[in-house]
Structures are given as structure tokens and as C-alpha cells.
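For the protein sequence lines, the chains are X and W, in the order given.
To convert, take the position in the first sequence, counting from 1, and add 1; that gives this note's numbering.
To convert, take the position in the second sequence, counting from 1, and add 1; that gives this note's numbering.
One thing to keep in mind: the hints can contain errors.
If you only want the chain W side, here are some residues facing chain X, beta carbon under 7 Å, derived [to be verified]:
no., residue
1, Asn64
2, Gln82
3, Ile183
4, Gly222
5, Ala223
6, His227
No lab work stands behind these hints, which were simulated from the structure alone.
Every value quoted in this text rests on a predicted model; they were computed, and no experiment measured them.
Ideal Cβ positions, reconstructed from N, Cα and C, are used throughout, including at glycine.
Protein chains: 2
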Amino acid sequence: MKEKNSHTHHISQQFNTELDDIKTRMLEMGGLVEKQVADATNAFMSLDTGLAEEVKKGDKLVNALEVSIDEDCTIILARRQPAASDLRLVLSISKILSDLERMGDEASKVAESAIKLTELGGLPRSVLEIRHIGDHVAGMVRGSLDAFARFDIDLALEVAEEDKAVDLEYGTAMRSLVTYMIEDPRTISSVLQVMWALRSLERVGDHARNIAEHVIYLVKGANVRHVNIEEMAATVQDQS
Amino acid sequence: MKEKNSHTHHISQQFNTELDDIKTRMLEMGGLVEKQVADATNAFMSLDTGLAEEVKKGDKLVNALEVSIDEDCTIILARRQPAASDLRLVLSISKILSDLERMGDEASKVAESAIKLTELGGLPRSVLEIRHIGDHVAGMVRGSLDAFARFDIDLALEVAEEDKAVDLEYGTAMRSLVTYMIEDPRTISSVLQVMWALRSLERVGDHARNIAEHVIYLVKGANVRHVNIEEMAATVQDQS
Numbered sequence: 002m003k004e005k006n007s008h009t010h011h012i013s014q015q016f017n018t019e020l021d022d023i024k025t026r027m028l029e030m031g032g033l034v035e036k037q038v039a040d041a042t043n044a045f046m047s048l049d050t051g052l053a054e055e056v057k058k059g060d061k062l063v064n065a066l067e068v069s070i071d072e073d074c075t076i077i078l079a080r081r082q083p084a085a086s087d088l089r090l091v092l093s094i095s096k097i098l099s100d101l102e103r104m105g106d107e108a109s110k111v112a113e114s115a116i117k118l119t120e121l122g123g124l125p126r127s128v129l130e131i132r133h134i135g136d137h138v139a140g141m142v143r144g145s146l147d148a149f150a151r152f153d154i155d156l157a158l159e160v161a162e163e164d165k166a167v168d169l170e171y172g173t174a175m176r177s178l179v180t181y182m183i184e185d186p187r188t189i190s191s192v193l194q195v196m197w198a199l200r201s202l203e204r205v206g207d208h209a210r211n212i213a214e215h216v217i218y219l220v221k222g223a224n225v226r227h228v229n230i231e232e233m234a235a236t237v238q239d240q241s
Numbered sequence: 002m003k004e005k006n007s008h009t010h011h012i013s014q015q016f017n018t019e020l021d022d023i024k025t026r027m028l029e030m031g032g033l034v035e036k037q038v039a040d041a042t043n044a045f046m047s048l049d050t051g052l053a054e055e056v057k058k059g060d061k062l063v064n065a066l067e068v069s070i071d072e073d074c075t076i077i078l079a080r081r082q083p084a085a086s087d088l089r090l091v092l093s094i095s096k097i098l099s100d101l102e103r104m105g106d107e108a109s110k111v112a113e114s115a116i117k118l119t120e121l122g123g124l125p126r127s128v129l130e131i132r133h134i135g136d137h138v139a140g141m142v143r144g145s146l147d148a149f150a151r152f153d154i155d156l157a158l159e160v161a162e163e164d165k166a167v168d169l170e171y172g173t174a175m176r177s178l179v180t181y182m183i184e185d186p187r188t189i190s191s192v193l194q195v196m197w198a199l200r201s202l203e204r205v206g207d208h209a210r211n212i213a214e215h216v217i218y219l220v221k222g223a224n225v226r227h228v229n230i231e232e233m234a235a236t237v238q239d240q241s
């Protein structure tokens, strides 16, 4: 535990400022990505192609932020040669940036599917699955970023657990859509767009889980990638 | 250019060995991932569930390698505090590991689709698109790793260009599958498995392009993420 907050006690005030700066910028980028996911979901639900186009445009900013903040991470590594928890912090931020950027890509794909579905004339049936899973994963994005901001590993664990719930919801939604397609083959092209959008949202959940894993790594120094929830919980509860 | 091979001229022979070691291990992991992609493609084409199960099992090794090699990267950053091109090398390897790991996930998804398609009784129509795009992206994986091994930015650019070709092939294949589905709705569930597998293979191509971008960054020090092929070619050809 004593190492955990060491990056707040540097001899160099300037170094502290630099670390705080990349943290803040990453969280701002995260806020933007969360908004992209929510906007893409709304665009899909209301077949709002204007909003969908905005999401696609917004992805350019997400990409630019990733490159810019990651460059700052590299500069800090080169100039400050951080060790221990500072090194973990910078490396975690660099990896989280990559997950955020990919979430942005997925939001953009949802927006693209919204546009295509609109062109196809929409769907006679409502697509509540998109609303439901979209809201769910947007909440996970927010949770994973809050967990990072507060070094809150219990919240990080909750986010990872949510991902299992999303995967189940996704499976149920897909089966229902397949049934719908089979019953009314004229809807095949439209339902496919719903499926692509759902798949993208499900991946946003995967990336939120990745961020949660980075938070646990950051705080506990233990790698929890590719372990199951039970092992992850044991790591989080480990007091050593 | 003078900086490019500086990591081969260290005062510390031990440091050289460490850098060579993570490079070698990453390339070995890359070879395994390439094999996973090829095996998943073959399993899908021949509905070989035994081979598909092997691919799914093999993904655990891919995941373990990612964690292990990435830990070595962190240790090198902490102990050696590399600068300039050495720092870029270690950071690039860390990022390439992440792309390789995700390619492994996609290969595993292709294997899963192969199993599901087999359970559904296969498809009356051959799925040559899987063979074609599978071979194409496996070649891209190999090309991106060769480009890394030889610091060959021209080859890296070729890989990035191939990705555009794969995206076009993917679009054509998907349209043809939608048509097939509409003409024979009884095949919907089976064709969906082909679509998921194709989508996964297309993503393998995206990750190979990412690796190519990391190679260009490594050699030229210029970030070519999120730029179009023309800008990327200009960076590669820039003699400065």
C-alpha cells in the first residue's frame, strides 16, 4: 500500500504536474468516448443520421487524443525514467488509451450501422436490445474510468463482473434476433445492422473490462488479465 | 538513420541480450498466432472440430505469452531506463504484443464459429471466402512480423496496403452472403457463423496493419496511426 500513492510525493513538483496532466487528459478522453458510445446508441434508437454522422466525425478527435496523450507518455518515460508505481501508472495510461481508442472505433461502427439501418428503412420491430446493452456498457465505461480516477479496485472488480452480465444479455439478444430474421426473411438486411451494432457494443464492454484490469494492475501490481472473475476477486481482496 | 540500429551497440552486452530476447520471444509468439489463424481457417473450411478445439486451447498459450513477455518489457523499462530508439523498441514490442493477443482471440472466435457451423450441419454452399480471406490475412500477419524482424518499412507499407484489399474482399463476401441468406432463409443460422468468422478474419487484418504501423513508428519515429495510405507512404519514403 505504501507504494500506491507514491506518485503524489515527488521531489520534482514538475514531474507531479506532468503525471497529473496525462491522467487528466486521459480521463477527459474517456469522457468523450463515453459520450460517443451514448450518442451512437441514441442515434441508433432514433435513426438519427445527423447524430450518427457527428459520432463518426467525433472519432477523429478520439484518435487524435490517443496519439497526442500517448506521445506525452513516451516523453515522460524518456525524460523522467520513472520507476515502480510511477512506471506502472504511465504504462497503464498508455494501455488504457488504446482501449479507449478502440471503444471509439466501435461507437463509430454503431453509428455507421445506424445510418445503414436508416437507409434500409428501419425495422418494423423496436430494437430495445440496443438501448439496453448500450446503456449498460456506457455505464461500464464510466465505472472503469471512475475506478481509475479513484484507484478503486472494488469498483474495477464490479465493472469486470458487469461484463459477464453484458455477455449473457448479448447472447440472448442475438438469439432473439436470429429467430426474428428466420420468421421474417425480408428483414434480414436490417436485422444484420442491429446485430453488428450489438456486437460493437458488446466489445465496448470488453474494453471497459480491460480498463478495469489495468486499474487492478496499477493498484495491486498484479496482472489479472485472462483470469476468471473468482481469481480476480481474490487478487482484489488480497491485503498484502 | 544513425539512431535506427543503436540498440545493437550497447555498452552493456547484457542489455543487448535482454532486448534480443524480448524481440525473439515476441516473434515466436507471432509465429504461433499466425499458425492459430491458419489452423482456424482450415478448421472452418473442413469443419474439423478437433482442430477447432485445438485452436481454442492454443489461445491460452497466446495469452500467457502476452502477459509474460509484457512483464519482461516492464522489467526492462524499470531496470534499464532505455532512451531513444531502445525505448521505442520496448514500447513497440509491448503494443505489438497486444495486437497479437487480440489476433489470437479472433482466431479462437473463428474456431468457435467452425464448431457451431458443424453443429448446424454445415452449409450446402462452399465458403471459399473464408479460405481466401483467411489465407490473405495469415500472409499479412507473416508480413507484419517479417517487417518488424528486418525493420523493413517498405514491407510494412505493403501490409497496410493489403489491409485495404482485405476490407474490399470482406465487403464483397458479406454482400454475397446476405444474398444467399435471403434466397434461402433456412441457411440463416449457418450463414451467420460464416459472417462472424469473416468478420474476425477481417479484424486480424486490421491488427496486422496496426503492427505495420508500429514498425514504421519504430524505424522512422513518426506516428502513422489513423493516417491514410498516401500519408503513410510519404512518411516511409521520407529520407530525413
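Each hint, compared with the structure:
1. Asn64: holds (4 Å)
2. Gln82: holds (4 Å)
3. Ile183: holds (5 Å)
4. Gly222: For Gly222 of chain W, the interface hint is violated, since the closest Cβ of chain X sits about 10 Å away, which is over 7 Å.
5. Ala223: violated (11 Å)
6. His227: This interface hint holds because 4 Å falls under the 7 Å limit.
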